[in-house]
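A.B. asks: Those protein sequence lines, which keep their order, are chains U and F.
The numbers in the first sequence follow the working numbering, run straight up by one, and end at 145.
The numbers in the second sequence follow the working numbering, run straight up by one, and end at 255.
Accuracy of the hints is not assured; some may be wrong.
[To be verified] Taking lysine to aspartate or glutamate pairs in the DMTMM-like style, the calculated list, with each CA pair at most 20 Å apart, reads:
1) U:115 <-> U:72
2) U:40 <-> F:245
3) U:127 <-> F:209
4) F:172 <-> U:37
5) U:30 <-> U:65
6) U:98 <-> F:177
7) U:30 <-> F:177
8) U:40 <-> F:187
9) F:172 <-> F:231
10) U:30 <-> F:209
Rather than coming from a laboratory, the hints here were simulated on the basis of the structure.
The chain contents come next:
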Amino acid sequence: MESTITTYNIERNDIGNAGTVASLTKRALKRQGLSREFVKTVTIGVYEAEINVVIHSYGGEVTVEKADDYIEIIFKDVGPGIESIENAMTEGWSTASKYAIENGFGAGMGLPNIKAVSDEMDLHSSKEGTTLRIRFYITEDCYER
Amino acid sequence: MNVKSIINNHHFTLINNETNLDNKINKLFASDLMSHVMGFAETEDCLVTVLNNINVLGVASLLDFTGVIFSHGVKVNDSIIQKANELDIPLIQTKLTTVEVINELHKLGE
Ligand SMILES: Nc1ncnc2c1ncn2[C@@H]1O[C@H](COP(=O)(O)OP(=O)(O)OP(=O)(O)O)[C@@H](O)[C@H]1O
Ligand SMILES: [Mg+2]
Numbered sequence: 001m002e003s004t005i006t007t008y009n010i011e012r013n014d015i016g017n018a019g020t021v022a023s024l025t026k027r028a029l030k031r032q033g034l035s036r037e038f039v040k041t042v043t044i045g046v047y048e049a050e051i052n053v054v055i056h057s058y059g060g061e062v063t064v065e066k067a068d069d070y071i072e073i074i075f076k077d078v079g080p081g082i083e084s085i086e087n088a089m090t091e092g093w094s095t096a097s098k099y100a101i102e103n104g105f106g107a108g109m110g111l112p113n114i115k116a117v118s119d120e121m122d123l124h125s126s127k128e129g130t131t132l133r134i135r136f137y138i139t140e141d142c143y144e145r
Numbered sequence: 146m147n148v149k150s151i152i153n154n155h156h157f158t159l160i161n162n163e164t165n166l167d168n169k170i171n172k173l174f175a176s177d178l179m180s181h182v183m184g185f186a187e188t189e190d191c192l193v194t195v196l197n198n199i200n201v202l203g204v205a206s207l208l209d210f211t212g213v214i215f216s217h218g219v220k221v222n223d224s225i226i227q228k229a230n231e232l233d234i235p236l237i238q239t240k241l242t243t244v245e246v247i248n249e250l251h252k253l254g255e
């Protein structure tokens with residue numbers, strides 16, 4: 001059983017670098033021979049969550065844990081939190097700023113996308129911050145043949 | 146359809162390096178909202194958008210798009226062109242609207 005853990009920082013409103021964690025995770029998974037379909041699934045989840053930290057939070061930290069049979073990514077930010085998780089999970093619901101909207105975000109589809117692609121997802125939030133955990137199961141079918 | 150067949154049409158201009166022009170395009174996907182693209186586009190699609198910022202290339206690279214078409218004559222700045230060259234993603238510019246792009250390229254078929 002082998003497991004590797006990588007940590008990244010995410011800066012508030014740093015849209016120029018947004019997508020870096022998704023891109024590095026994509027590369028690492030591809031190198032390990034995981035299939036394009038599987039890699040795409042993980043990439044979508046990581047990208048949406050990463051962007052949310054960039055555009056909606058004061059900044060945070062991401063931990064990527066790659067084990068033999070799963071990859072788990074935890075996004076932890078330092079606020080301002082989500083008032084209603086139920087609203088946030090609803091397709092089309094968004095509080096995106098003008099800045100975020102100008103950059104092509106704010107459709108209110110990110111969290112629903114994450115829910116759709118991941119095998120496990122928990123979202124907890126308070127004024128002190130939001131924690132999102134997503135996990136993808138790795139089975140034999142997830143490898144390139 | 147590939148990027149070469151698109152830029153053979155006089156409405157479309159390649160605005161960065163000539164790389165990956167022969168890659169087969171899965172289909173055209175038109176949207177200006179990144180999470181719609183993330184949620185619904187497929188690998189090897191070619192994106193049609195009016196959104197001219199660097200995130201478009203982030204998404205295009207993450208989803209292995211075959212190219213990006215900027216419609217409505219939107220300006221594409223140097224940082225986007227540079228990034229596309231690093232990522233080897235062809236960028237195409239056109240004055241046509243998104244709907245006209247789809248109509249025009251529909252004639253090219255598969
Ligand atoms: N890390 C976070 N901190 C604070 N609020 C958040 C965070 N993540 C999501 N939210 C809230 O949940 C809402 C819905 O998020 P979701 O990702 O679904 O849509 P969006 O980011 O607004 O738009 P899109 O993802 O389609 O570009 C956001 O508008 C925001 O109010
Ligand atoms: Mg989002």
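A.B. asks: Within a Cα-Cα threshold of 20 Å, do residue 115 (chain U) and residue 72 (chain U) meet the stated pairing?
C.D. replies: With Cα atoms ~14 Å apart, residue 115 (chain U) and residue 72 (chain U) stay inside 20 Å; holds.
A.B. asks: Starting from residue 40 (chain U), check that the Cα of residue 187 (chain F) is at most 20 Å away, please.
C.D. replies: Given pair residue 40 (chain U), residue 187 (chain F) holds - Cα atoms ~9 Å apart, limit 20 Å.
A.B. asks: Against the 20 Å threshold, does the CA-CA distance of residue 30 (chain U) and residue 209 (chain F) hold or violate the hint?
C.D. replies: holds (13 Å)
A.B. asks: Does the structure keep residue 98 (chain U) and residue 177 (chain F) at a Cα separation of 20 Å or less?
C.D. replies: holds (15 Å)
A.B. asks: Compare the distance between the alpha carbons of residue 40 (chain U) and residue 245 (chain F) with 20 Å, and conclude whether the hinted pair is satisfied.
C.D. replies: With Cα atoms ~30 Å apart, residue 40 (chain U) and residue 245 (chain F) exceed 20 Å; violated.
A.B. asks: Run the distance test for residue 30 (chain U) versus residue 65 (chain U): straight-line Cα separation, threshold 20 Å.
C.D. replies: Distance ~15 Å between residue 30 (chain U) and residue 65 (chain U) Cα, so the pair holds.
A.B. asks: Hint check: residue 30 (chain U) vs residue 177 (chain F), CA-CA at most 20 Å. Holds or violated?
C.D. replies: violated (28 Å)
A.B. asks: So if I understand the rule, the pair passes when the alpha-carbon distance is 20 Å or less; does residue 127 (chain U) with residue 209 (chain F) pass?
C.D. replies: violated (37 Å)
A.B. asks: Check whether the Cα positions of residue 172 (chain F) and residue 37 (chain U) lie no farther apart than 20 Å.
C.D. replies: holds (17 Å)
A.B. asks: Hinted pair, alpha-carbon criterion (20 Å max): residue 172 (chain F), residue 231 (chain F). Please report holds or violated.
C.D. replies: violated (23 Å)
In terms of the numbered hints stated before, the structure departs from hints 2, 3, 7 and 9, listed from lowest to highest.
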